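A.B. asks: Take a look at the letters that make up each chain.
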Amino acid sequence: MNEEITPVLETRHLGITFGGLKAVTDFNIKVYEGELVGLIGPNGAGKTTVFNMLTGVYLPTEGSVILNGEVLNGKKTHQFVASGVARTFQNIRLFKQMTVIDNVKSAMTKDTDYNLFSAIFRTPKFWRIEKQLTEKAMDLLAIFKLEGKANQLAANLPYGQQRKLEIARALATNMKLLLLDEPAAGMNPTETAELLECINTIRDRFGISILLIEHDMALVMNVCERILVIDYGMTIASGLPEEIAKDPKVIAAYLGE
Amino acid sequence: MKNRTAKGYILNTVVIAAILIGALIIQSVFGKNQNFKLILVPSIWQCCYLIILAASLNLVLGFLGQLSLGHCGFMAIGAYAAALISLACQRAGIFTDAKGAAFVLVLVGCILIAGILAALVGLLVGIPALRLKGDYLAIITLGFGMIIVNIINNLPFAGQEGLAKGSAAASLYKNGLGFGTASKVTYLMVALAVTLICLIMMFMFIRSKYGRAIKAIRDDEIAASASGINTSYYKILTFTYSAFFAGIAGALYACANATLSTSSFAFTNGGILNSTFVVVMVVLGGMGSLTGSALAAIIMFFVNYQIKNGLWVKSLTGFLGGMFAYPMLVYAIILIIVIMFRPKGIFGTYEFSLINFHRDIKNRRAQRALQKADRKGGESE
Amino acid sequence: MLRSPAFLIERWQLTHVSTLIQTLIVGLRLGSIYALVALGYTMVYGIIRLINFAHGDFIMVGGYTMIFTMPLALALGLPVWVSVIFAILACALVGMSTELIAYRPIRKKGTSMTALITAIAVSMILENLAQAIPPIGPNPIVTSQIFSTGGFSVAGVTMEWTTVLTIVISAIVMIVLYEFTQKTRMGRAMRCVSEDKEASILMGIDVNNTILLTFGIGSGLSAIAALMYLGQYPKVYTTMGVMLGLKAFVAAVLGGIGIIPGAMVGGLIIGLVESFTTTYVSSSMADTFVFLILIIVLIIKPAGLLGKNVGEKV
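For the record, the sequence lines run as chains U, X and S. The working numbering applies: residue 1318 is where the first sequence begins, and numbers increase by one. The working numbering applies: residue 760 is where the second sequence begins, and numbers increase by one. The working numbering applies: residue 124 is where the third sequence begins, and numbers increase by one.
Bear in mind the hints are in silico, worked out from the structure with no lab data behind them. Since we're looking at a predicted model, the values are computed, not measured. It is possible that part of the hints are untrue.
Stated by the list, open to error - Derived DEER-like restraints, expressed as beta-carbon distance ranges:
no.: 1; chain 1: X; residue 1: I778; chain 2: U; residue 2: L1433; range: 20 to 28 Å
no.: 2; chain 1: U; residue 1: A1459; chain 2: X; residue 2: I1120; range: 24 to 32 Å
no.: 3; chain 1: U; residue 1: I1568; chain 2: X; residue 2: R890; range: 27 to 35 Å
no.: 4; chain 1: X; residue 1: N792; chain 2: S; residue 2: M366; range: 43 to 51 Å
no.: 5; chain 1: X; residue 1: I778; chain 2: S; residue 2: N332; range: 53 to 61 Å
no.: 6; chain 1: S; residue 1: R172; chain 2: X; residue 2: L783; range: 48 to 56 Å
no.: 7; chain 1: X; residue 1: G781; chain 2: U; residue 2: N1473; range: 34 to 42 Å
no.: 8; chain 1: X; residue 1: R763; chain 2: U; residue 2: T1507; range: 48 to 56 Å
no.: 9; chain 1: X; residue 1: N762; chain 2: U; residue 2: N1473; range: 24 to 32 Å
no.: 10; chain 1: S; residue 1: K231; chain 2: X; residue 2: A1125; range: 27 to 35 Å
no.: 11; chain 1: U; residue 1: T1451; chain 2: S; residue 2: N332; range: 31 to 39 Å
no.: 12; chain 1: X; residue 1: N762; chain 2: U; residue 2: T1507; range: 33 to 41 Å
no.: 13; chain 1: X; residue 1: Y1109; chain 2: U; residue 2: K1563; range: 22 to 30 Å
no.: 14; chain 1: X; residue 1: Y992; chain 2: S; residue 2: R314; range: 49 to 57 Å
What the hints assert, rightly or not - BS3-like cross-link-like pairs, simulated, lysine-lysine; straight-line CA separation at most 25 Å:
no.: 15; chain 1: S; residue 1: K431; chain 2: U; residue 2: K1393
no.: 16; chain 1: X; residue 1: K892; chain 2: U; residue 2: K1393
no.: 17; chain 1: U; residue 1: K1427; chain 2: X; residue 2: K892
no.: 18; chain 1: S; residue 1: K306; chain 2: U; residue 2: K1413
no.: 19; chain 1: S; residue 1: K232; chain 2: X; residue 2: K1103
no.: 20; chain 1: U; residue 1: K1393; chain 2: S; residue 2: K424
no.: 21; chain 1: S; residue 1: K306; chain 2: S; residue 2: K431
no.: 22; chain 1: S; residue 1: K358; chain 2: U; residue 2: K1339
no.: 23; chain 1: X; residue 1: K766; chain 2: U; residue 2: K1466
no.: 24; chain 1: U; residue 1: K1442; chain 2: U; residue 2: K1462
no.: 25; chain 1: X; residue 1: K892; chain 2: U; residue 2: K1392
Every residue, glycine too, gets a C-beta built ideally from N, C-alpha and C.
Extracted from the complex, chain U is given alone in its bound form:
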């Protein structure tokens, strides 16, 4: 018996055209709760563009983005986040002049439930909520082994830890769908292995869905349940990792003809 489960993320014929250039065409995807799906393709294929559409940074020129059954086209980025999707960036975008823990806490702003009056007059509600924030933030940092650096400036972290902090920050938004844009970029094998562990830990712990853009094939094949391949904005293959690895179209796209 087939149950109609609402996918966490669904896109229908999603596409965007810049001027005359069709950056992404007819992108269709369904991601269900708890799944880890990979999005791969050669450089410039449009993967980050897809992410930008999935987070409201770009307005699609065709098709729709549906999150938990809600059509989100045209909404602003922070509204997308409120609906349950968060992302990391290809070039790390941390809040460099803020401390590690403040980076995480800032992502909790939308769920921080006190008003200006409470903040100014330091009501008990303020203290209670701030305490909860600190606990939750330290909790998240602990997953990534960053709790010892909570009060350091984000800019002072080594590269690998900055990437982890970005993921921690995205997690702090309480999202149901996490978009990771090349999280392993610039990492050595040890760091990549650690990252793998972290991804598995957060999947187990939070039961979230993850859509992952990555170039590191070892990571992708190892951790993704399903993979979509796009090239020149179009989906050229989709399926299980083993199938994708053998697909001639995929091989051709990566190696060129």
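Fit chains X and S to the given chain U structure using the hints.
C.D. replies: Same frame as chain U, but now just chains X and S:
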């Protein structure tokens, strides 16, 4: 509340109480002293509104990371509002001299209303203006600042004798507040208290989700959005909040000056009420440090005082003398020097904290020792 | 003696129409001056993405240079307006120095915020320095007519030669500049650097010198604008560049900042707006109207009339 934070609060409260009591004592002891009355007290009044101006602009410039050049427009609104409302009260007979319970009520009321009115205008300006960033926001706030001053100029009740007896003019000669020397001494505590309250309110804002949100926006607006922060909301809120305090600074200014003139608030004015001077204070103190703004305000007050009244300045002749006759030149030079050689300003993003003072000094020393050791280690290799 | 209603109406229509034409002409003349100044803003912004707040003050520099070199020109037996050559040199020098001393070091080390603050500081320094140096400021200096007065009459409207000259010269300058950026190597280099600085470096373009040249040309243009301005209002004062510069900036934004034809379009529109507001509303509201235009443009279409919206790369 963590123990350390609680201790910090207690320590701060004790010190603030000590300062206020100290001020009271000084006031009663030296109250009759001429120098005190004629020089120190007006100076403290001026420092007070300069501190509020600088700190409030820092909210937008240093913490939110946006350059607003219309700050003095909001101050003008506060000043004129306070002056005219108190004048109305005076003419309606609510009070006659600057004494008594009725007057104090009017005083406090005017300060609050000045802030609220300025905040309202800040909201109206902020909603369209904050859709822009960088250069464009700077120019548009400059434009709004000019428009505000222009409008005040053309209000038929804001000039000359004011209200019913008034006309559209650049100067307002009658001011319900404009304190004389004696009143300035009597109400000095009000100025100090208002300044402290404003600073505390700003600190509380920064050390909360609001401060975190706007610092995030400053560091990376796109990432802030992607972290769920409603950037428009927080930008407009901060702008409005900052305008509120500018209005209060204006009210204090109206207390300290019997005559108001819109030309004092003009952008091209060479005095200290133009928005560039406030920018100088914020940059000098450190964009992102409220303590820095307060300190810089006091420093710039001294600089301005020396330029206007210093004997050694008067003895300068020729070009140098001409230079000091145009204080804006000095301020602009200070600004460029700070921006080029120490863009962080005096304090950078550091906030002075009593309870952390000792620890911070130790940390700084340890850090420097470490850097020295690193360097030495590197050299010997 | 009674006038017939028809006569009165005809009379009113004539004055009405001639006022209209007069306002139009004043608007075009003002607009030409704004266009020249806006060109300088737009060229500099296009290449370094910085609003040179001090640009308006370059006009002041040009004006004063002319005032002081006019006697020299006369002594050499040349017409008074030859002093504009010295003004162009002076303005170009000041412009390029500003870039070398103030803007370039900040571009290397600072953020766009510090660059903006630096620009404001430079503007303040120029204005107040001029006021502080005894032979220059603070009092305005009135000069003699630069161009011969007189004009001609068309349909009850007086047209002065200075007006015609202003409009014609501005148009010529604009065409020359446009051709320069389209056809010459240096001009193309300027367009390249505006578009993509990194790529320009890779293509072997000397970015620093290109920027310097842009400043030189842009500032030199303010000298010509100063000439036109003085031709109409023969008085210099240290803050003469402030409002002029601000309105020209609005013009540049209106037309599309960074776009050369945009500066001309924007300049003319602003000139006309100011002229019509002065005639039909009031002169004190003219500045406010110009600013309102800025606000509306920046909110509705910040890229300007001729511009394209380019978002930030994420």
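A.B. asks: None of the hints should be skipped; say for each whether it holds.
C.D. replies: To see whether the hints hold, each was checked on the structure:
At roughly 27 Å, the beta carbons of X/I778 and U/L1433 sit within the given window of 20 to 28 Å. Checked against the given bound of 24 to 32 Å, the beta carbons of U/A1459 and X/I1120, roughly 31 Å apart, stay inside it. Taking the beta carbon of each, U/I1568 and X/R890 are about 47 Å apart, not inside 27 to 35 Å as hinted. Under the hint 43 to 51 Å, the C-beta atoms of X/N792 and S/M366, about 47 Å apart, fit the expected range.
Checked against the given bound of 53 to 61 Å, the beta carbons of X/I778 and S/N332, roughly 57 Å apart, stay inside it. Look at S/R172 against X/L783: about 54 Å separates their beta carbons, and that is inside 48 to 56 Å. Against the hinted window of 34 to 42 Å, the Cβ-Cβ separation of X/G781 and U/N1473 comes to about 40 Å, which satisfies the hint. For X/R763 paired with U/T1507, a C-beta distance near 37 Å fails the hint of 48 to 56 Å.
The hint said 24 to 32 Å for the Cβ distance between X/N762 and U/N1473, and at roughly 27 Å that hint holds. The beta-carbon spacing between S/K231 and X/A1125, approximately 32 Å, falls within the hinted interval of 27 to 35 Å. At about 54 Å, the beta-carbon gap between U/T1451 and S/N332 misses the expected band of 31 to 39 Å. In this structure the hint that X/N762 and U/T1507 lie 33 to 41 Å apart at CB holds, the actual value being about 40 Å.
Taking 22 to 30 Å as the suggested C-beta distance range, the pair X/Y1109 and U/K1563 does not conform, at roughly 59 Å. As the Cβ distance of X/Y992 to S/R314 is approximately 40 Å, the hint placing it in 49 to 57 Å is violated. With a C-alpha separation of about 22 Å, the suggested pair S/K431 and U/K1393 falls inside the 25 Å cut-off, and the hint holds. Restraint check for X/K892 and U/K1393: satisfied, since their Cα atoms lie roughly 18 Å apart, inside the 25 Å limit.
For the proposed pair U/K1427 and X/K892, the alpha carbon gap of about 23 Å is at most 25 Å, so the pair holds. The suggested pairing of S/K306 with U/K1413 is violated, with an alpha-carbon distance near 45 Å, which exceeds 25 Å. Only pairs whose Cα atoms come within 25 Å are accepted, and S/K232 paired with X/K1103 is accepted, the gap being roughly 12 Å. With a CA separation close to 19 Å, the supplied pair U/K1393 and S/K424 stays within the 25 Å bound.
For the proposed pair S/K306 and S/K431, the alpha carbon gap of about 23 Å is at most 25 Å, so the pair holds. Proposed proximity of S/K358 and U/K1339 is contradicted: the alpha carbons are some 58 Å apart, above 25 Å. For the given pair, X/K766 sits about 24 Å from U/K1466 by alpha-carbon distance, which is consistent with the 25 Å threshold. Between U/K1442 and U/K1462 the alpha-carbon distance is near 30 Å, which puts this suggested pair outside the 25 Å criterion.
With a C-alpha separation of about 21 Å, the suggested pairing of X/K892 with U/K1392 holds against the 25 Å cut-off.
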